[in-house]
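There are 2 protein chains.
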Amino acid sequence: MNFSSKLLEDAVAEFAKLPGVGQKTALRLVLHLLNQDKGDVEKFSATISKLRNEIQFCQVCLNISDHTVCEICASPKRDHSMICVVEDTRDVMAIENTSQYNGIYHVLGGLISPMDGIGPTDLEVDSLVERVKSTEIKEVIFALSATMEGDTTLFYLDKRLKNFDIIISTIARGIAFGGELEYVDEITLGRSIATRVPYSNSLSK
Amino acid sequence: MNFSSKLLEDAVAEFAKLPGVGQKTALRLVLHLLNQDKGDVEKFSATISKLRNEIQFCQVCLNISDHTVCEICASPKRDHSMICVVEDTRDVMAIENTSQYNGIYHVLGGLISPMDGIGPTDLEVDSLVERVKSTEIKEVIFALSATMEGDTTLFYLDKRLKNFDIIISTIARGIAFGGELEYVDEITLGRSIATRVPYSNSLSK
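Chains A and B, in that order, give the protein sequences. If you use my numbering, the first sequence corresponds to residues 693 to 897, in order. If you use my numbering, the second sequence corresponds to residues 693 to 897, in order.
Derived from the structure by calculation, the hints contain no laboratory data. There's no promise every hint is true.
The list cannot tell twin chains apart, which means a pair is met if one copy fits it or any two copies do.
[To be verified] Pairs of lysine to any residue residues, derived as SDA-like cross-links and limited to a Cα-Cα distance of at most 20 Å, are as follows:
id, residue 1, residue 2
1, 730, 711
2, 716, 837
3, 716, 782
4, 735, 725
5, 742, 695
6, 854, 774
7, 709, 726
8, 698, 780
9, 730, 702
10, 851, 811
11, 698, 785
12, 709, 729
13, 709, 720
14, 735, 723
15, 830, 859
16, 830, 771
17, 698, 783
18, 716, 801
19, 730, 748
Could you build the full structure based on these sequences and the hints that come with them?
Okay, here's the thing in structure tokens:
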């Protein structure tokens, strides 16, 4: 694209670095910002800069937080003997939205993915093992994506944790609630038959 | 969504104000920025702020520019007797990319749209009339979208300009090059039959 202004070109180039944003979308976003009040754009710019410079991560669960210990880890109402291991902060938000979990979390910061060059040392694995070793943990629940990377991470973490006197569990996999059988993919359906559970166990407590 | 951090929430809210960006996309973009180096995010933030504060508009054609008169208007190689009227800077870029036009431009800054409360006084109409009146213009070419708003704007501008001794033209409408007849919409096909041109005229000069 031929830009009539270097400033415009630079701004479009910066936006186009964002995931899923191409040159045309970037240009649309930049022209939108140009139509806004100077104050609004200044606020946009300042908020992003402030976020990156002032953001903290909870010292316990490593979730994004405004404090050194996040609200969940600091809450006496939560069950501190149960750790739910997730990939990133979006998963914490998703689980919190269900209101079905009252324990605390551990944010790995990614999943093991040899293809992307991400190994166990790039993730918060040692800190998880340390937490299990030094605090009163009874159960570690893995809530990881049902993908190759998720399964690899699960396999590795299970090996690291199996010698501790804790219950290791993983969130249930199977057909989704409200899902019609004929539309479920073969692998999910096949696995959900193979890993069938007694009806009485399938009712949530 | 329940955010674990006010900083995160603010940043997501700012991104979600952009057109076509919802809460989930905004969160994805913000988490991407959080994974980048501080310097990169600072550059992103500074570029946007600089753009909004330092951008200029060409005094002649009102296109976005780094100078008081843009490169196109300042160029002695361009034909200054021909003005192409467009909606915004994206249209200038699109026409420049074709390399088929050697005249200068006039950027309206929008189209007349009563539905959105945009009238002629919100656009750069008077400055266009002034340019036609005070400079040596032989032809005004309208390159506006083939929409209701484009046609309304065209109708209005034609009324304002028709008493001047100039040629008023509009870019050709019809079936697109490479387009197969059976896939062309009815209105375009119908109009392209009604407004058929002698074969010799249809060949570009």
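Hint numbers not upheld by this structure, sorted from lowest to highest
The structure breaks none of the hints.
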